[in-house]
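Those sequence lines, one after another, are chains S and R.
Quick note: to get the working numbering, add 10 to the position in the first sequence (first position is 1).
Quick note: to get the working numbering, add 39 to the position in the second sequence (first position is 1).
Among the hints, erroneous ones may be present.
[Stated by the list, open to error] List of simulated lysine-lysine pairs, DSS-like, C-alpha gap at most 30 Å: (1) Lys270/R <-> Lys255/R; (2) Lys270/R <-> Lys283/R; (3) Lys443/S <-> Lys139/R; (4) Lys225/R <-> Lys291/R; (5) Lys175/S <-> Lys38/S; (6) Lys441/S <-> Lys225/R; (7) Lys139/R <-> Lys425/S; (8) Lys65/R <-> Lys448/S.
[To be verified] Covered stretches of chain S, as calculated for chain R (at least 3 residues, CB under 8 Å): (9) 32-44; (10) 440-449.
[What the hints assert, rightly or not] Only some residues are given here: those of chain S computed to face chain R with a beta carbon under 10 Å: (11) Gln234; (12) Ile237; (13) Gln398; (14) Ala400; (15) Arg405; (16) Glu458; (17) Leu462.
If you are wondering where the hints come from, they were derived from the structure by calculation, not from laboratory data.
Backbone N, C-alpha and C fix where the C-beta goes; we use that ideal spot for every residue, glycine too.
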Amino acid sequence: MNARDIRGTRRVATVAAVDNSLYAAAPKIYPQSVHGTFRRIKWALLVVTLGIYYFLPFLRFDRGPNEPDQAVLVDLAHRRFYFFFIEIWPQEVYYFTGLLILAALILFLMNAVAGRVWCGYLCPQTVWTDLFRAVERLIEGDRRERIHNDALPLTAERLARKALKHFVWLMIAWWTGGAWVLYFADAPTLVRELATFQAPAIAYISIGILTFTTYALAGHMREQVCIYMCPWPRIQAALTDENALNVTYRYDRGEPRTSLKKAEVLRATGGRAGDCVDCGQCAAVCPMGVDIRRGAGLDCIQCGLCIDACDTVMNKIGRPPRLIAYDTDVNIKRRLAGLGNVYRLLRTRTVLYTVLIAVIGAIMLTSLATRNNLGVAVMHDRNPLYLQLADGSIRNAYMVRILNHTTATSSYVLKVKPFTPANVTAIGTGKSKDGWPKVEIGPDQTYELRVLVTLPASASSVASRDITFQIINKTSSQIATARDHFLTR
Amino acid sequence: MSQDPHSTIDEASGTSTTGHEWDGIKELNTPLPLWWLYTFYACIAFSVLYWIAYPAWPLIGGYTHGLLGWNSRTAVVGDLKNLQTLRGPMNAKIAKASLKTIENTPELLAFARAEGAAAFAQNCAPCHGAGAQGSYGYPNLNANRWIWGGTLDEIHTTIEHGARWTADPDTHMMMMPAFGHDGILKPEQISEVADYVRTLSGNKPSPGADLAKGAKLFADNCSACHGPNGKGNIQIGAPNLTTKVWLYGPTKADIMHRVEVGGGGTMPAWHGRLDEPTIKALTVFVHSLGGGQ
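Bound-form chain S, shown alone:
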């Protein structure tokens, strides 16, 4: 078997080429440029996703005084996360948990509907690799030229081209790392600091690391990241089914493959000939070095470029397009049995994923929309759980944490139900007119209040009773409550 034979899988070819070594040098893949629907979709998504990534930090969003005006900002120093009108505090990280669950479910749904579309169009590894390959093609030429030149000794001119390519790659990688750190500080300020070497060391270190990883992953490792490092192909294989739309070679239509001339002869004489003319274009354009005609595999990222390549050929030879297409295993079997295509978009798993996404999304939206900008959390003292005082009365102590999410200083009154102000004291606070503890809390701050609730000795007849803490914002009369227990035994 020849190493360059496109009909052999890459890995078998490798074994033959390097004498059954236990370790294989990565075969260099030279994907051919291609034009068509899916290529255009990929270009559009590349521009949109990278555009968002590179320029989002510069978008401004007015939140009022004393608040950052960067639309998306991860403020680690003050432990705040800003996303347009949403401001997330550290104790609300469950929003991120929700987002992660949503992301996983959306990935599952995408997979159930159309296979690895994430891998083919949206995965950062795919997008940046695509960009790097475009640069390479622009500077060093297309597939044929590069294969040809790489087989020849290096000339000064080609060395210069290669150097230029690596320089451009590094520039893209550097800007990738640069954009990353801009999400963690005010972007225009940080850019100025970076330029004048006054930015914190961590910024330079982060840029360095991301420059290196982008350059290494998108420039050098490329498809190997998907094959050896990414867990998704393994998980995806367990989540797919025969109704998922996958990039598929329609062998029912393509086989038996012959040359164009032989096929004409065969058809004229009433023989059977497939539409595949074995031109190898689908394999030549594949960025993963896969021959899709061998069926679905772990290394196919389903980017659809082979569809574009095959359609171009089908057009030229006057056969209908989509010999390679997004299709399902079920339909191939049905066509072989003489039945029509069915596309079952509504299946248990797609419906289930959609419902789950809708439910979690609704929960998150509701909780975001009804979110109080006043928060309270209560923690009962664990040690001691309750305390007997000198006169025999029983006291419980609580840590009440009040969160002022607003941008103004507000004064808050704490009420504890069903107790009276005489039962309740708080350390280091003033009192409201009706005797309840009163505190003032600055904008965007939390305040920890030690609250002591005391009942006379006779209270010990009930081991535990419910207790409700009510925080009232005196200016907005907004109320937040938290429940706990009062223990006497």
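Put chain R on the given structure of chain S with help from the hints.
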């Protein structure tokens, strides 16, 4: 990689085998990428450099120190210094302010309570408990009954100089005599006085107790320190005997034992071990636990 002489081509898959065979089952050779191998070599090289640069190998009388001279001890000292600098401005304010001011300024109170809680966990919790709840012989600092006084200044003095800590001349020194051991009271007298003492805090005496005798004994022997009504005296660390809070337990046996052996708990002086801002923070923390007066 050298070629394995036992390697064959597997007929079913057309793939070569590694040459390993178990009970007739051969292992297909699915080669790993070379960069994987190089990454492994790089890790080995890194670990060797790490051994040289950092403390790594134990020797009989010590260990290799590493060329970088890194050491966890100096790292901790550096961290502590950083912490001191970080807390510096607030600690300067704490040092300057009076205890009362600290408690009345929310900003200072929050800092003092946090710093006090940390210092308490490290220095005081072994005796007084993680929640300052105390235990047998170790006072509960949440309760409003104090042996040496519960005002901010009194708590500060106790922390600074300790109790019965002979190394400090300003420590609280008074101690209860051992009425039984030293033969001041006879066993039956101790029993009688214990019966009486229990009634001071509202406990019922044991049946047949002669409370009049006990009261007489109390007036003669105990009231000098504990006061005629048993209310105690914080000047000399004589506990208030009329409360529901007992340092050594409320049963008759507990009280008899205490009268028998006398004495009292010891607390080290923290002056010299902790700096002044920390002692102040601890004072405010303990005072704000709820029992402070």
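We went through each hint and held it up to the structure:
As the CA atoms of Lys270/R and Lys255/R are separated by approximately 16 Å, the hinted pair is consistent with the 30 Å bound. About 12 Å separates the Cα atoms of Lys270/R and Lys283/R, which keeps this hinted pair within 30 Å; it holds. The hinted pair formed by Lys443/S and Lys139/R meets the criterion: a straight-line CA distance of about 24 Å does not exceed 30 Å. With a CA separation close to 16 Å, the supplied pair Lys225/R and Lys291/R stays within the 30 Å bound.
As the CA atoms of Lys175/S and Lys38/S are separated by approximately 17 Å, the hinted pair is consistent with the 30 Å bound. Distance hint between Lys441/S and Lys225/R is unfulfilled; the C-alpha atoms sit about 55 Å from each other, more than 30 Å. The hinted pair formed by Lys139/R and Lys425/S meets the criterion: a straight-line CA distance of about 26 Å does not exceed 30 Å. Between Lys65/R and Lys448/S, the direct Cα distance comes to roughly 79 Å. Violation of the 30 Å bound is thereby established for this hinted pair.
Counting residues of the segment 32-44 of chain S whose C-beta sits closer than 8 Å to any C-beta of chain R gives 5, which meets the bar of three, so the coverage hint holds. A count of 1 residues in the segment 440-449 of chain S with a Cβ less than 8 Å from any Cβ of chain R is obtained; the coverage claim is therefore unmet, three being the minimum. A cut of 10 Å between beta carbons decides the hint on Gln234/S: the least distance to chain R is about 6 Å, and the hint holds. Contact between Ile237/S and chain R, as hinted, is supported at the beta carbon level, the nearest pair being about 8 Å apart and thus within 10 Å.
With a cut of 10 Å, the hint placing Gln398/S at the interface with chain R holds, because the nearest CB-to-CB distance is about 5 Å. At its closest, the beta carbon of Ala400/S sits 4 Å from a beta carbon of chain R; the interface hint therefore holds under the 10 Å criterion. A hinted interface residue such as Arg405/S counts as satisfied when its beta carbon comes closer than 10 Å to some beta carbon of chain R; here the least separation is about 7 Å, so the hint holds. With 10 Å as the threshold, the beta carbon of Glu458/S comes within range of chain R, its nearest partner Cβ sitting at about 7 Å, so the hint holds.
Look at Leu462/S: its Cβ gets to within about 5 Å of chain R, closer than 10 Å, so that hint holds up.
Checked against the numbered hints given earlier, this structure breaks hints 6, 8, 10; the rest are met.
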